[in-house]
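Undergrad: The primary structure of each chain is shown beneath.
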Amino acid sequence: MTFSQQKRMSYYAFLAPGLLLFASIIIFPVAYSLTLSFTSFGGYGTPKFIGLANYAKIISDEVFLHSLRNNLLIVAISVFGQIPLGFLLAYLLHRKMVRNGNFYQTMIFLPITISPVVVALLWNQIFSSSGMVVAIIRRLTGENQYVMRIFEDKQLAIVPILFVLLWMHTGTYMIIFYANLQKMTPSLLEAAQIDGASESQMMMRIILPSMVGTIATTAIFAISGSLKAFDLIYAMTGGGPAHYTEVIAIYMYINTFKYYKYGFGSAASMIIVLLAVGLILLLQYISRKFERRFE
Amino acid sequence: MRKRLTLASVLSSMLMITFTLLTIIPLTWMILSAFKPHAMIVRTPLAFPMSWYVDNFILSWTQGHLGIYFINSTIYSFVATFLTVFFALSSGYALSKFSYKSSRVISMVYTLGLLITVHSVIVPLFIMETKLGISNTRIGVILPYIAFGLPFQVFLATTYIKGIPDAMQESAIIDGATFFQVFFKILIPVATPIISTMFIYTFLGNWNEFILVLTLTSDLSVRSLPVGINSFAGGMSRDYGLQFAALVIGTVPMILFYLVFKDKIAQGFAAGALKE
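Quick mapping for you: the protein sequence lines, in order, are chains P and G. In this text, residue positions in the first sequence follow the numbering used here: the first is 1, and each later residue adds one. In this text, residue positions in the second sequence follow the numbering used here: the first is 1001, and each later residue adds one.
Rather than coming from a laboratory, the hints here were simulated on the basis of the structure. One or more of the hints may lead you astray.
Claimed, not checked - Distance condition first, Cα-Cα at most 20 Å in a straight line; then the derived SDA-like pairs of lysine to any residue:
| no. | chain 1 | residue 1 | chain 2 | residue 2 |
| --- | --- | --- | --- | --- |
| 1 | P | K289 | P | V212 |
| 2 | P | K258 | G | I1127 |
| 3 | G | K1162 | P | I112 |
| 4 | P | K228 | G | L1112 |
| 5 | G | K1264 | P | I112 |
| 6 | G | K1185 | G | D1175 |
| 7 | P | K7 | G | D1055 |
| 8 | P | K7 | G | S1096 |
| 9 | P | K7 | G | T1178 |
| 10 | G | K1262 | P | I114 |
| 11 | P | K7 | G | L1115 |
| 12 | G | K1131 | P | L20 |
| 13 | P | K228 | G | L1115 |
| 14 | G | K1131 | P | T35 |
| 15 | G | K1101 | G | I1116 |
| 16 | P | K96 | P | I206 |
| 17 | P | K258 | G | M1128 |
| 18 | P | K183 | G | L1115 |
| 19 | G | K1262 | G | T1020 |
| 20 | G | K1162 | P | S10 |
| 21 | G | K1185 | G | I1195 |
| 22 | G | K1101 | P | S4 |
| 23 | G | K1185 | G | L1220 |
As the list claims (entries may be wrong) - Which chain G residues stay away from chain P? Per the calculated CB distances, all over 12 Å, these:
| no. | residue |
| --- | --- |
| 24 | S1012 |
| 25 | W1061 |
| 26 | T1062 |
| 27 | P1193 |
| 28 | I1195 |
| 29 | S1221 |
| 30 | L1225 |
| 31 | F1261 |
| 32 | Q1267 |
Just so we're clear, the structure is a prediction, and the values are computed from it rather than from any experiment. Cβ coordinates follow ideal geometry from the N, Cα and C atoms, glycine included.
Given these sequences and hints, build the entire structure.
TA: Right, here's the structure in full:
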């Protein structure tokens, strides 16, 4: 065997195990799922081609539309809640505005290690009628019969879930921004400080422009993560009561594994992918505009 | 000027303290509640436990089959993580040091893989595994764990290995070493820092994974801790004491894991968003 043959053989041997798994467990099933989404497959028999009927049925389904709205609210709380808060916390830590920064950082990042299922059950207990929040409100107001009614409201039922998502993920964004802020060259800020720039000027003129790329990347994470939101909500409410807190991933799960509508479920999962790609493209368009403005 | 800075630092401290309390209070409440019998949790939710009632832990461990779930979670996390990291390293080596044209395409395919969620493959995966007879087996859980871990880990490995000077491996090759020897004897030792980050980050994800085990398995004997703990929420147990104990059992090992490996976990998260 010549050297170049040996090299080529080694190259393929190094790649083979990973590619084989990736192709058979991700690429092939995605193609399969796409195909199924055009059929009325229900688990047995040969799939029957029905064109775009599944998609048409989904986008006119009121439950789906409410799920979509919930998903978009989750995207919004991530992009406009977790990211700015995470950035603010990271910035304060980076500029050493607080003492014991390391301790705070450890505590705020901690929820990331806890399984979403555990987080869900814990907060369910906290919000329950024998939970901490209700007990505190009862004690403060003296109303001994107070119970939380927020989960019974179609429009507001998602709010406690949004709060828990904020609780879980803000620390992650803080850590990401903190790492990136530390990579900035300090001389730039020092020079600006010497020239008499104020804290807010440094933020607007130096720090934010240099972080546009990172913010865009984290927003991509946030969007794809938000559309995937399943574990926490599934364990917290299962999408209920009466579909009030349902998101598309749960909509897909229920239709597939409860009603055995495999084709229909596949179409729903394709919609998640399409939405993610669409939102990410939109975001890239916006961030490119911003980058140009700062140049 | 000095005054204003103090005001800013007071506000900053308040913000930090608020977030810190938001972490500490719920977790403390959870741990304290786990030591209270059901009746006391319901009647006096804010009270401190009168005695350390440990029956909750014993009962939830035995009735909830947490022992077997714990073992399964351990197997899944270690085996899948080890293989993910190993395959990601070998792929990263191939993609960064062999300079074939196909490397570029393969890297791109892996990057696209980052966008694909478990949900978009779960239906076909379930059908495939049922046909192959590996649904409801440990292998049927481990293989998808590896596949879904790969895209990000390949990205981390490729980026890191690219930064290792070529000279090291070239001189070994000239001395007659094979590429496999280079990989095992030179590359892996040099890449230890990224390997530990990759391992810890992947381990955390696998330990907390939920939907794959939920859909691909139904036998108690192959399910993992998150799915097991979730069953405390449904009809299985209306005893809050047991539920809190199960939550503590699910949380405390992870908090210890976190306190030991916090920096590595942080690195894993930060690495994904670093601009090249």
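Undergrad: Determine for every hint whether it applies to the structure shown.
TA: Consistency of the hints with the structure:
{"no.": "1", "hint": "P:K289 <-> P:V212", "result": "holds (11 Å)"}
{"no.": "2", "hint": "P:K258 <-> G:I1127", "result": "holds (15 Å)"}
{"no.": "3", "hint": "G:K1162 <-> P:I112", "result": "violated (29 Å)"}
{"no.": "4", "hint": "P:K228 <-> G:L1112", "result": "holds (16 Å)"}
{"no.": "5", "hint": "G:K1264 <-> P:I112", "result": "holds (13 Å)"}
{"no.": "6", "hint": "G:K1185 <-> G:D1175", "result": "holds (14 Å)"}
{"no.": "7", "hint": "P:K7 <-> G:D1055", "result": "violated (62 Å)"}
{"no.": "8", "hint": "P:K7 <-> G:S1096", "result": "holds (14 Å)"}
{"no.": "9", "hint": "P:K7 <-> G:T1178", "result": "holds (9 Å)"}
{"no.": "10", "hint": "G:K1262 <-> P:I114", "result": "holds (13 Å)"}
{"no.": "11", "hint": "P:K7 <-> G:L1115", "result": "violated (32 Å)"}
{"no.": "12", "hint": "G:K1131 <-> P:L20", "result": "holds (19 Å)"}
{"no.": "13", "hint": "P:K228 <-> G:L1115", "result": "holds (10 Å)"}
{"no.": "14", "hint": "G:K1131 <-> P:T35", "result": "holds (18 Å)"}
{"no.": "15", "hint": "G:K1101 <-> G:I1116", "result": "violated (25 Å)"}
{"no.": "16", "hint": "P:K96 <-> P:I206", "result": "holds (17 Å)"}
{"no.": "17", "hint": "P:K258 <-> G:M1128", "result": "holds (18 Å)"}
{"no.": "18", "hint": "P:K183 <-> G:L1115", "result": "violated (27 Å)"}
{"no.": "19", "hint": "G:K1262 <-> G:T1020", "result": "holds (16 Å)"}
{"no.": "20", "hint": "G:K1162 <-> P:S10", "result": "holds (18 Å)"}
{"no.": "21", "hint": "G:K1185 <-> G:I1195", "result": "holds (15 Å)"}
{"no.": "22", "hint": "G:K1101 <-> P:S4", "result": "holds (15 Å)"}
{"no.": "23", "hint": "G:K1185 <-> G:L1220", "result": "violated (42 Å)"}
{"no.": "24", "hint": "S1012", "result": "violated (4 Å)"}
{"no.": "25", "hint": "W1061", "result": "holds (15 Å)"}
{"no.": "26", "hint": "T1062", "result": "holds (19 Å)"}
{"no.": "27", "hint": "P1193", "result": "holds (15 Å)"}
{"no.": "28", "hint": "I1195", "result": "holds (16 Å)"}
{"no.": "29", "hint": "S1221", "result": "holds (19 Å)"}
{"no.": "30", "hint": "L1225", "result": "violated (7 Å)"}
{"no.": "31", "hint": "F1261", "result": "violated (9 Å)"}
{"no.": "32", "hint": "Q1267", "result": "violated (8 Å)"}
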